[in-house]
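Undergrad: Top to bottom, those sequences are chains G and W. Reminder that position 494 of the first sequence reads as 494 in UniProt numbering, one-by-one numbering, no gaps. Reminder that position 372 of the second sequence reads as 372 in UniProt numbering, one-by-one numbering, no gaps.
Honestly, the hints are just simulated from the structure, not real lab data. Take these hints with a grain of salt, some might be off.
Keeping only pairs whose Cα atoms sit at most 20 Å apart, straight-line, the calculated EDC-like set for lysine to aspartate or glutamate is [what the hints assert, rightly or not]:
1) Lys26(G) / Asp191(G)
2) Lys55(W) / Asp528(G)
3) Lys55(W) / Asp191(W)
4) Lys55(G) / Asp528(W)
5) Lys26(G) / Asp191(W)
6) Lys26(W) / Asp191(W)
7) Lys26(G) / Asp355(W)
8) Lys26(W) / Asp201(G)
9) Lys55(G) / Asp201(G)
10) Lys26(W) / Asp355(G)
11) Lys55(W) / Asp201(W)
12) Lys26(G) / Asp360(W)
13) Lys26(W) / Asp528(G)
14) Lys55(G) / Asp191(G)
For each label pair, taking beta carbons as the anchor points, the in silico distance ranges come out as [claimed, not checked]:
15) Ala372(G) / Val393(W): 53 to 59 Å
16) Phe354(G) / Arg84(W): 29 to 35 Å
17) Asn39(G) / Ala318(W): 53 to 59 Å
18) Tyr243(W) / Asn39(G): 34 to 40 Å
19) Ile113(W) / Gly376(G): 34 to 40 Å
20) Val328(W) / Gly28(G): 35 to 41 Å
21) Ile113(W) / Phe354(G): 51 to 57 Å
22) Val328(W) / Gly376(G): 52 to 58 Å
23) Arg356(W) / Tyr153(G): 42 to 48 Å
24) Asn39(G) / Gln325(W): 30 to 36 Å
25) Asn39(G) / Trp103(W): 28 to 34 Å
26) Leu32(G) / Val314(W): 40 to 46 Å
27) Val303(G) / Arg84(W): 17 to 23 Å
Even glycine gets a Cβ: it sits at the ideal position worked out from N, Cα and C.
Number of protein chains: 2
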Amino acid sequence: MSEESTPGPKESPPAQPRAGSREVWKKGGRLLSVLLAVNVLLLACTLISGGAFNKVAVYDTDVFALLTTMMLLASLWILFYLLRTVRCPNAVPYRDAHAGPIWLRGGLVLFGICTLVMDVFKTGYYSSFFECQSAIKILHPLTQAVFVIVQTYFLWVSSKDCIHVHLDLTRCGLMFTLTTNLAIWMAAVVDESVHQTHSYDSSHSNTSHLRLALDPERAGSSVGGDCSCNTAICQIFQQGYFYLYPFNIEYSLFASTMLYVMWKNVGRLLASSTHGHGHTPSRVSLFRETLFAGPILGLMLFVVGLAVFIIYEVQVSAEGGRLQQALVIYYSFNIICLGLMTLVSLSGSVIYRFDRRAMDHHKNPTRTLDVALLMGAALGQYAISYYSIVAVVVGTPRDLLGALNLAHALLMIAQHTFQNVFIIESLHRGPPGAEPHDTTPKEPCHGLTFANLDALHTLPGCPPTPRLVGTNPVGPHEAVAIILAPRGHWRRRCLKDISLFLLLCNVILWIMPAFGARPHFSNTVEVDFYGYSLWAAIVNICLPFGIFYRMHAVSSLLEVYVLS
Amino acid sequence: MSEESTPGPKESPPAQPRAGSREVWKKGGRLLSVLLAVNVLLLACTLISGGAFNKVAVYDTDVFALLTTMMLLASLWILFYLLRTVRCPNAVPYRDAHAGPIWLRGGLVLFGICTLVMDVFKTGYYSSFFECQSAIKILHPLTQAVFVIVQTYFLWVSSKDCIHVHLDLTRCGLMFTLTTNLAIWMAAVVDESVHQTHSYDSSHSNTSHLRLALDPERAGSSVGGDCSCNTAICQIFQQGYFYLYPFNIEYSLFASTMLYVMWKNVGRLLASSTHGHGHTPSRVSLFRETLFAGPILGLMLFVVGLAVFIIYEVQVSAEGGRLQQALVIYYSFNIICLGLMTLVSLSGSVIYRFDRRAMDHHKNPTRTLDVALLMGAALGQYAISYYSIVAVVVGTPRDLLGALNLAHALLMIAQHTFQNVFIIESLHRGPPGAEPHDTTPKEPCHGLTFANLDALHTLPGCPPTPRLVGTNPVGPHEAVAIILAPRGHWRRRCLKDISLFLLLCNVILWIMPAFGARPHFSNTVEVDFYGYSLWAAIVNICLPFGIFYRMHAVSSLLEVYVLS
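Construct the entire structure; sequences and hints are all you get.
TA: Here you go:
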């Protein structure tokens with residue numbers, strides 16, 4: 001609920017003639033929809049978290065019923081919205097150029113397709129023992145498939161809309177759809193944590209740790225009452241849908257961020273559809289202008305990381321004492337990768353210290369959300385790292401694994417910090433070639449018509465060696481472009497390299513935890529220090545945010561790459 | 001990190017001439033200080049939460065050492081700030097009229113004095129067994145006393161400052177002081193939860209619930225190694241400081257909100273010291289203009305509530321089967337109180353539907369923070385209520401206590417929702433007598449010079465029965481005031497009554513949980529449904545926010561009372 005009702009300088013011009021159509025109090029409408037969302041979300045949160053604990057008499061069918069109802073309602077509202085905007089041409093007078101960029105919508109479609117495959121697997125899995133199963137368990141993936149298709153189409157066509165009819169209803173509808181996505185995310189995260197705990201329990205079945213969930217009765221109910229999954233096809237379905245969970249999780253989060261931006265844009269007034277800083281990159285520059293060092297190094301790390309991940313998974317799940325070796329390999333790779341990323345992010349920030357592009361101060365809900373999410377999601381990994389540091393420093397055993405764990409935690413904090421600083425600074429830079437306007441001493445050298453070229457060198461704030469192409473009558477803007485081009489070039493190439501390198505590293509660091517690497521539990525330092533139940537609570541709550549951070553950083557770095 | 005860098009219309013005039021002194025990128029400086037604060041806070045959070053669990057090898061002396069260091073550093077920075085602003089007269093060119101209102105500063109001083117008394121008690125308590133105690137346990141309350149005195153003076157004189165020198169250093173210093181206050185708050189909340197768990201354990205010592213904390217060894221260490229608190233004076237000190245904890249908690253939170261507003265105001269440019277909507281109330285109107293119904297009813301509820309609280313505490317701590325009766329009395333009083341508050345808040349919102357005062361759209365960090373805190377802190381009580389509802393609805397036993405619990409939880413949600421809507425709408429109203437400027441159809445009837453008085457009635461949007469005092473030549477503004485006065489009067493009186501009533505009710509609803517009423521555990525519905533450890537985690541995390549909500553609502557309602 002930030003104070004944004006005073007329109008910025010770029011937005012005020014159209015506000016005066018259209019004052020009649022403007023809301024008296026925008027925050028009032030927002031307040032109502034936020035209250036609706038908060039209440040629905042808390043109810044879902046209660047049921048989902050209650051369903052995760054086996055001592056509590058809330059069952060997964062209750063959760064499925066709630067989610068199915070929410071998805072049906074949200075789909076109905078989306079259809080109503082699409083119908084209305086098609087029939088009323090004045091409903092969307094403005095479109096926000098920053099909202100729903102192509103990489104976000106592309107990612108949404110990609111993850112949406114994977115979610116559909118997951119729904120097919122889930123339906124197949126539950127159909128294997130149809131007779132002894134509650135009908136809601138088959139209805140749930142089918143409803144989810146419908147919901148994903150409707151929502152993806154809706155976000156593809158409408159994510160840039162600034163709608164101006166039925167403001168309160170639209171806000172409530174958007175918030176409800178957002179809440180539905182967050183509830184699906186929570187359910188998926190909890191389901192995965194329970195699954196992880198189950199596999200941890202089965203591998204440590206001789207230990208007497210406290211268990212978060214899954215006593216035999218509950219484990220029995222999750223594979224279908226008194227039936228069990230014995231056929232080969234059923235096993236494949238079960239394995240398959242657990243590997244597709246990460247995509248479903250990312251789909252929900254991508255959809256949530258786009259819905260939030262749409263919600264912020266309801267009733268918003270923009271100067272025109274060709275907004276001053278549209279940041280639309282030229283298609284030619286997309287696939288050139290890198291030094292190739294960044295992508296090549298990034299790809300190498302990616303391949304090595306995949307190999308390390310597979311070795312780790314094989315050695316951890318294998319019987320015998322290879323655990324120590326697997327952890328050393330895993331931590332060593334992570335330390336090298338995080339160290340390189342920290343250095344590269346730092347050098348990116350150093351390059352910006354020599355960059356004279358203006359900061360972009362325009363209102364931009366998409367960017368504000370990106371910054372808030374980067375900072376907020378990093379908290380998850382920060383928290384895990386600080387708990388690890390305290391455990392290693394205060395705990396007694398000092399061995400190689402403890403040292404690696406400490407270095408890993410410290411570098412994780414440094415890497416998140418410097419990467420966030422780099423990304424946030426990048427997102428706030430103006431488009432390439434834009435010089436600061438507000439520093440008055442530099443103004444004259446751009447406004448000159450270059451009548452006296454020698455005088456140009458004596459002006460303050462002008463580049464000392466402008467490579468002017470004679471005195472042929474080019475317009476002043478072109479001349480400025482020629483002056484600026486050689487200086488900006490190596491910096492831009494470097495920045496593009498840096499963003500590609502960081503992007504690839506973030507992808508591999510997303511894959512590892514998203515597909516099940518849990519050195520937090522294989523490594524016994526923290527489990528012994530905090531006890532299993534406390535450490536499991538910390539990791540299971542914080543790690544989903546850490547995983548989300550990686551994917552969100554990838555989408556932000558793609559934006560940085562395109563814009564720099 | 002909201003988008004506020006585009007200055008509002010009221011703020012832009014002075015920004016142009018002083019553009020040279022303006023920061024290039026305000027968010028960059030904020031980013032650095034937020035990163036500092038997040039890291040310090042997470043480190044403190046790790047140590048404090050680790051110290052609360054007896055299985056973890058982090059001891060309370062570690063936490064005390066960290067807090068003492070933080071308080072010393074923060075005090076040093078505050079002294080440096082005070083010295084610098086005294087010596088450099090240009091450091092604070094503007095003062096924010098909204099920041100640090102007198103009731104917030106008064107509350108701060110009041111809670112600060114109580115904290116000093118608590119520190120005296122704590123020092124006395126730990127001095128009783130000085131020889132077998134770590135020195136840090138006596139150093140900690142002494143440092144806290146110094147810190148409270150320095151910080152209270154600092155906030156009293158500087159809370160309105162918009163400082164314009166050493167921007168980044170000031171931001172970091174303010175954020176560090178804010179973090180210190182939040183760490184003190186966390187430590188106090190955790191300490192109180194452990195104390196509550198201890199007293200719960202000693203009263204249920206025959207049950208075999210899982211315990212959050214406090215095994216005999218830890219309990220022994222908290223009263224001083226191998227010594228024990230046997231003397232009468234030591235017992236008094238111990239009892240006393242536990243009863244003064246709530247004031248220390250509120251002190252930290254009040255200081256945090258004021259520091260946050262100061263942080264938002266660093267480097268801010270304002271139009272002038274006499275800001276357009278200063279909202280300074282006339283002293284005459286402060287103590288009149290109520291219908292007396294609100295304060296009288298509120299005082300009655302306050303006294304009855306105090307009696308109910310004392311009865312509840314006595315009956316719960318007494319031996320024997322009076323628990324059921326105590327809970328029935330407690331819930332009945334709460335249901336009546338919450339029901340009345342809901343109705344009164346609703347009627348306040350209805351009154352606003354007939355109110356034609358303009359909405360205040362000016363940028364106001366204090367108000368933005370108030371709204372965010374009201375909405376955020378309400379989440380704590382919402383969460384507890386939803387967990388209670390699920391436990392009662394899904395759980396099997398249907399008796400009187402279950403019904404009362406359900407009604408209580410539902411009314412709690414309704415009361416928080418409607419009270420928030422009422423307060424937030426009140427805070428956004430313009431000063432009394434200000435009519436909307438932006439609705440063009442209503443404009444002519446105020447701009448008229450009243451040449452033809454009969455025509456006035458036919459204009460849309462004008463009051464139908466203006467009591468004009470003849471046709472004597474009063475200026476148009478005075479005439480408008482006369483027209484509006486009788487209409488505004490009863491509404492203003494009603495609003496003042498409503499805010500006073502809600503204020504008194506919030507005070508009594510703050511006293512009950514803050515001084516130790518925990519029907520959540522006396523009542524066995526949720527404990528049986530969720531298990532003790534899960535329910536204790538939910539209540540111990542969410543209830544501090546619920547308690548903070550009450551005190552914050554009191555300060556906001558005081559503002560509503562003064563302004564309406």
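Undergrad: Now tell me, hint by hint, if it's right for this structure.
TA: Going down the list of hints, with the structure as the test:
1. For the proposed pair Lys26(G) and Asp191(G), the alpha carbon gap of about 38 Å is over 20 Å, so the pair is violated.
2. Between Lys55(W) and Asp528(G) the alpha-carbon distance is near 10 Å, which keeps this suggested pair within the 20 Å criterion.
3. With a C-alpha separation of about 16 Å, the suggested pair Lys55(W) and Asp191(W) falls inside the 20 Å cut-off, and the hint holds.
4. Distance hint between Lys55(G) and Asp528(W) is fulfilled; the C-alpha atoms sit about 10 Å from each other, no more than 20 Å.
5. In summary, the hint linking Lys26(G) to Asp191(W) is not supported, as the alpha carbons are separated by about 42 Å, beyond the 20 Å threshold.
6. At roughly 38 Å between alpha-carbon atoms, Lys26(W) and Asp191(W) are farther apart than 20 Å, so this suggested pair is violated.
7. For the hint pairing Lys26(G) with Asp355(W), the CA-to-CA distance comes to about 17 Å; that is within 20 Å, so the pair holds.
8. About 50 Å separates the Cα atoms of Lys26(W) and Asp201(G), which puts this hinted pair outside 20 Å; it is violated.
9. Among the hinted pairs, Lys55(G) with Asp201(G) is consistent with the structure: their alpha-carbon atoms are about 17 Å apart, no more than 20 Å.
10. This hinted pair checks out: Lys26(W) and Asp355(G) have alpha carbons roughly 17 Å apart, not beyond 20 Å.
11. Between Lys55(W) and Asp201(W), the direct Cα distance comes to roughly 17 Å. Compliance with the 20 Å bound is thereby established for this hinted pair.
12. The suggested pairing of Lys26(G) with Asp360(W) holds, with an alpha-carbon distance near 11 Å, which does not exceed 20 Å.
13. Between Lys26(W) and Asp528(G) the CA atoms are separated by roughly 45 Å; this puts the pair beyond 20 Å, and the hint is violated.
14. Distance restraint check for Lys55(G) and Asp191(G): the Cα-Cα separation of roughly 16 Å lies within the 20 Å cut-off, and the hinted pair is therefore satisfied.
15. Roughly 35 Å separates the CB atoms of Ala372(G) and Val393(W), a value that falls outside the hinted 53 to 59 Å.
16. A hinted range of 29 to 35 Å holds for the C-beta pair Phe354(G) and Arg84(W), which are about 31 Å apart.
17. Taking 53 to 59 Å as the suggested C-beta distance range, the pair Asn39(G) and Ala318(W) does not conform, at roughly 38 Å.
18. Restraint check, Tyr243(W) to Asn39(G): a C-beta distance of roughly 35 Å satisfies the suggested window 34 to 40 Å.
19. For Ile113(W) and Gly376(G), the Cβ-Cβ distance of about 37 Å falls inside the hinted range of 34 to 40 Å, so the restraint holds.
20. Here the CB-CB span from Val328(W) to Gly28(G) is close to 39 Å, well matched to the stated 35 to 41 Å.
21. Against the hinted window of 51 to 57 Å, the Cβ-Cβ separation of Ile113(W) and Phe354(G) comes to about 54 Å, which satisfies the hint.
22. A hinted range of 52 to 58 Å for the beta carbons of Val328(W) and Gly376(G) is inconsistent with their spacing of about 43 Å.
23. Under the hint 42 to 48 Å, the C-beta atoms of Arg356(W) and Tyr153(G), about 44 Å apart, fit the expected range.
24. Distance hint check for Asn39(G) and Gln325(W): the Cβ-Cβ separation is about 33 Å, which falls inside the suggested range of 30 to 36 Å.
25. Taken as a hint, the range 28 to 34 Å holds for the pair Asn39(G) and Trp103(W), whose Cβ atoms sit roughly 31 Å apart.
26. Separated by about 43 Å at the C-beta atoms, Leu32(G) and Val314(W) satisfy the suggested range of 40 to 46 Å.
27. Here the CB-CB span from Val303(G) to Arg84(W) is close to 55 Å, at odds with the stated 17 to 23 Å.
This entry does not satisfy hints 1, 5, 6, 8, 13, 15, 17, 22, 27, going by the numbered hints stated previously.
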